[in-house]
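Fit chain B to the supplied structure of chain A, relying on the hints for placement.
Protein chains in written order, with my numbering: chain A, 1 to 113; chain B, 1 to 113.
Treat the hints as calculated values from the structure; they're not laboratory data. It is possible that part of the hints are untrue.
[To be verified] Partial selection, computed: residues in chain B whose CB lies under 8 Å from chain A:
1. Gly-42
2. Leu-45
3. Asp-56
4. Thr-101
5. Tyr-103
6. Phe-104
7. Gly-107
Remember, predicted model here, so these are calculated numbers, not experimental data. Ideal Cβ positions, reconstructed from N, Cα and C, are used throughout, including at glycine.
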Amino acid sequence: KQEVTQIPAALSVPEGENLVLNCSFTDSAIYNLQWFRQDPGKGLTSLLLIQSSQREQTSGRLNASLDKSSGRSTLYIAASQPGDSATYLCAVPGSSNTGKLIFGQGTTLQVKP
Amino acid sequence: DAGVIQSPRHEVTEMGQEVTLRCKPISGHNSLFWYRQTMMRGLELLIYFNNNVPIDDSGMPEDRFSAKMPNASFSTLKIQPSEPRDSAVYFCASSRDRGNTIYFGEGSWLTVV
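Isolated chain A, as found in the complex (with noise of 0.2 Å):
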């Protein structure tokens, strides 16, 4: 059964800095793996498709990569801003690439002006 973790599960920086945010999954037979941006009292925006083929994926300040073998994905923002605060949520497909996506918890981020 594919189980997602995100870690940490919060997290608080001063604006500018650069952060990553990891994601691992159990089940490395995985056919894509997508971070998503939710705000309070919101519905979640995709952020990065990153398929199994490929190792990562840019836009613009994030850049999120994939390692399938060893079950990981990172997120990293650079020059963090007060904007990006949110909660930050990875998910990959259930068995057999059904559709059906399995959420990690979320981190949420805290960036201090």
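What follows is chain B alone, placed relative to chain A:
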């Protein structure tokens, strides 16, 4: 595109009442998902449709929950009768196909008193 549209955004109802949540997926998307989010359990997939057909409903908690997708542009999630433990945020999401980026609605915030 307007994105995934859910209604109502907020609902407070009394225990025993029927609750109907509605979703309009993004046009052209053929996969639709209903998720539930709580503090205790995080995000859980309730049911997944592909081309209007339910593919995986293993997450539906019990017979009080039912979901339909009569056409490609509309889905409902019904709870009858509702109970206080059903209080949660219910998200609808859609994607163009399995393995692609999933787009979430803003959620329906349900409180059963």
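Worksheet item: Should the interface hint for Gly-107 (chain B) be scored as holding, given a Cβ-Cβ cut-off of 8 Å against chain A?
Response: Cβ of Gly-107 (chain B) sits 5 Å from chain A, so the hint holds.
Worksheet item: Holds or violated: is the Cβ of Asp-56 (chain B) closer than 8 Å to a Cβ in chain A?
Response: Holds - the Cβ of Asp-56 (chain B) comes within 8 Å of chain A, reaching about 6 Å at its closest.
Worksheet item: Quick one, is the Leu-45 (chain B) hint okay against chain A at 8 Å, beta carbons?
Response: holds (5 Å)
Fill in: Per-residue hint verdict: Phe-104 (chain B), partner chain A, C-beta under 8 Å
This interface hint holds because 4 Å falls under the 8 Å limit.
Fill in: Per-residue hint verdict: Tyr-103 (chain B), partner chain A, C-beta under 8 Å
Holds: closest Cβ of chain A sits about 7 Å from Tyr-103 (chain B), inside 8 Å.
Worksheet entry | Interface hint for Gly-42 (chain B), Cβ within 8 Å of any Cβ on chain A | Holds, about 5 Å.
Item to complete: Verify the interface restraint on Thr-101 (chain B): the C-beta must sit less than 8 Å from at least one C-beta of chain A.
Response: holds (5 Å)
Checked against the numbered hints above, the structure breaks none of them.
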